[in-house]
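Please take these sequences and the hints and turn them into a complete structure.
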Amino acid sequence: GCQMPAALRQAVVQDHDRAQQMLVAAGKAKDQQVILRLENELAAERARTKTNADSLRLALQMGQAVISRERRDRFRVVLTQKVICHVSGGADWKAREVEARQYTLGENVREAATAYVKQVREWWREKQGDVLDELCENLRMHDGSTKHVDKATVLYLSSEFKRICANESAYLGDSWPLAIFCLRLYTQQDVDIDRNFLCPDVPGFPTDDDEQSPEGRDKVYAQYRKDPDKPRNPMMFQVANWATRRRWEKFMGSDVKSEDVRQAEDGLKKFIKWQCLISAVRQHLDEPITTYRGLCRLPSAMVQDLATMRRGSLLFWPAMTSTALDRSVAQEYANQPAPEGTGNVLFVISGVSEGIALRGVSQYPREGEFLLPLFSLLEVRDVLGTENPELRCKFVGSLMTEDFRQECLLDMQHSQQALTTLALESK
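Residue numbers (this note's numbering): 32 to 458.
Since the hints were made in silico from the structure, they are not lab data.
All C-beta atoms, glycine included, are put in the ideal place defined by N, C-alpha and C.
There's no promise every hint is true.
[Claimed, not checked] Under the rule of at most 30 Å between Cα atoms (straight-line distance), these lysine-lysine pairs were calculated in the DSBU-like manner: (1) K149 - K300; (2) K182 - K300; (3) K300 - K288; (4) K281 - K149; (5) K149 - K425; (6) K281 - K425; (7) K178 - K261; (8) K301 - K182; (9) K158 - K178; (10) K158 - K281; (11) K300 - K261.
[As the list claims (entries may be wrong)] Label pairs and their computed distance ranges (CB to CB): (12) N169 - Q51: 29 to 35 Å; (13) T373 - Q437: 38 to 44 Å; (14) S359 - K250: 21 to 27 Å; (15) D232 - S200: 30 to 36 Å; (16) K178 - Q437: 31 to 37 Å; (17) E318 - S359: 17 to 23 Å; (18) V292 - G32: 53 to 59 Å; (19) P368 - D413: 22 to 28 Å; (20) D181 - G247: 34 to 40 Å.
Written as structure tokens, this is what we have:
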């Protein structure tokens with residue numbers, strides 16, 4: 032009998048279906064020469080490629096057809112910006128993401144966490160539309176007037192970010208353009224996202240020495256952020272991470288204000304497709320690594336709980352979690368002076384076997400950010416110190432199930448096909 036694995040057969044069928052959709056879309060233009068050219072180029076392309084993602088490259092090269100030359104010139108400045116100075120792109124915000132009790136202690140954490148994952152999956156399924164629809168609905172464009180981001184803009188930016196980042200790593204080279212665009216958004220602050228979408232009054236990057244600290248950077252952006260007359264894009268990682276943690280806190284029966292519960296549920300559902308997609312495209316590492324996470328200004332009671340954890344205890348991090356590949360980066364936050372009633376904690380996480388190295392796609396590559404996926408489970412191996420403890424943990428894995436992950440990937444493929452069809456119709 033045939034020894035072709037079922038997964039490979041399904042991938043080939045999906046590849047064929049995408050090709051057929053591309054030809055049908057081209058046929059709508061009633062241009063037989065375009066159809067013939069696409070047939071020949073697609074045949075040659077498939078002879079060279081080994082991945083489904085690469086089969087879309089040809090169509091994505093048409094992305095410029097949906098954007099005017101004037102807008103392409105304006106976008107070019109955004110696309111080439113990477114901050115090479117020491118200004119923080121948001122790592123300090125992520126080091127203070129503790130408004131909800133993201134740490135769950137106790138023997139039943141795995142059972143409760145598995146139930147929470149099922150609940151999030153139900154919310155994911157209930158949301159109408161795909162991840163492309165979600166981005167267009169919740170992000171705003173500033174191109175002469177404020178409006179929702181259109182699919183043509185997402186097509187152009189995603190294909191260009193793919194072109195720029197493809198050679199940074201094999202992982203990015205094999206990734207879907209829309210996935211790369213979603214990763215880029217995770218690394219950005221609200222001001223950076225506004226730059227993506229051509230907000231005319233967004234301030235430039237802080238470059239002076241006294242603007243390199245998080246406090247100096249925030250001072251540069253303060254006036255822009257508080258302008259009440261102009262709608263701004265949100266800091267997406269902050270909205271999604273806070274909401275996911277806060278809703279988990281309520282799920283565990285903690286006393287949470289009803290207003291916070293509503294905000295958390297709205298925030299979680301607002302970007303649920305986006306954050307689940309990022310976790311679904313996580314990379315599985317051949318060799319496990321060690322990463323570091325420094326947290327500052329945690330409530331003293333939480334620090335005490337963590338400092339007294341025993342070997343073998345489990346920690347559940349429901350939201351996406353930013354860690355550093357360089358210990359000194361995380362140590363910088365863990366060593367900050369802590370206001371009265373708070374403390375700092377350093378996590379040393381060994382055996383990390385899955386996640387995403389964001390350096391190649393980040394606008395702030397100096398941060399060396401490594402992203403742990405949603406629903407990460409850690410096992411405590413040792414605790415050093417009590418006042419500002421160091422927790423040495425082993426990464427157990429993400430509790431996102433494989434079938435949930437596949438649902439997220441199919442949702443992304445549906446979005447990517449919609450962009451490909453748009454490119455072909457514009458051509």
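So does E318 sit 17 to 23 Å from S359, Cβ to Cβ?
Cβ of E318 to Cβ of S359: about 22 Å, so the range 17 to 23 Å holds.
With the threshold set at 30 Å, check whether the alpha-carbon distance from K300 to K288 stays at or below it.
holds, 18 Å
Satisfaction of hint between K182 and K301, Cα-Cα up to 30 Å:
Holds, at about 18 Å.
Regarding the pair K158 and K281, is the alpha-carbon distance no greater than 30 Å?
holds, 21 Å
Keeping to a limit of 30 Å between CA atoms, is the pair of K281 and K149 held or broken?
holds, 15 Å
Checking one constraint from the list: CA of K149 to CA of K425, max 30 Å. Satisfied?
Since the Cα atoms of K149 and K425 sit roughly 24 Å apart, the hinted pair holds (cutoff 30 Å).
For the hint 34 to 40 Å, verify it against the beta carbon of D181 and that of G247.
holds, 35 Å
Proposed proximity, K300 with K182 (alpha carbon, max 30 Å)
Judged against 30 Å, a Cα distance of about 20 Å means the pair holds.
Starting from K300, check that the Cα of K261 is at most 30 Å away, please.
Judged against 30 Å, a Cα distance of about 24 Å means the pair holds.
Within a Cα-Cα threshold of 30 Å, do K178 and K261 meet the stated pairing?
holds, 11 Å
Is it true that the C-beta distance of S359 to K250 lies inside 21 to 27 Å, as the hint says?
holds, 25 Å
Verify the CB-CB distance for V292 and G32 against the hinted window 53 to 59 Å.
Roughly 55 Å apart at Cβ, these two residues keep to the hinted range, so it holds.
The structure shown violates none of the earlier numbered hints.
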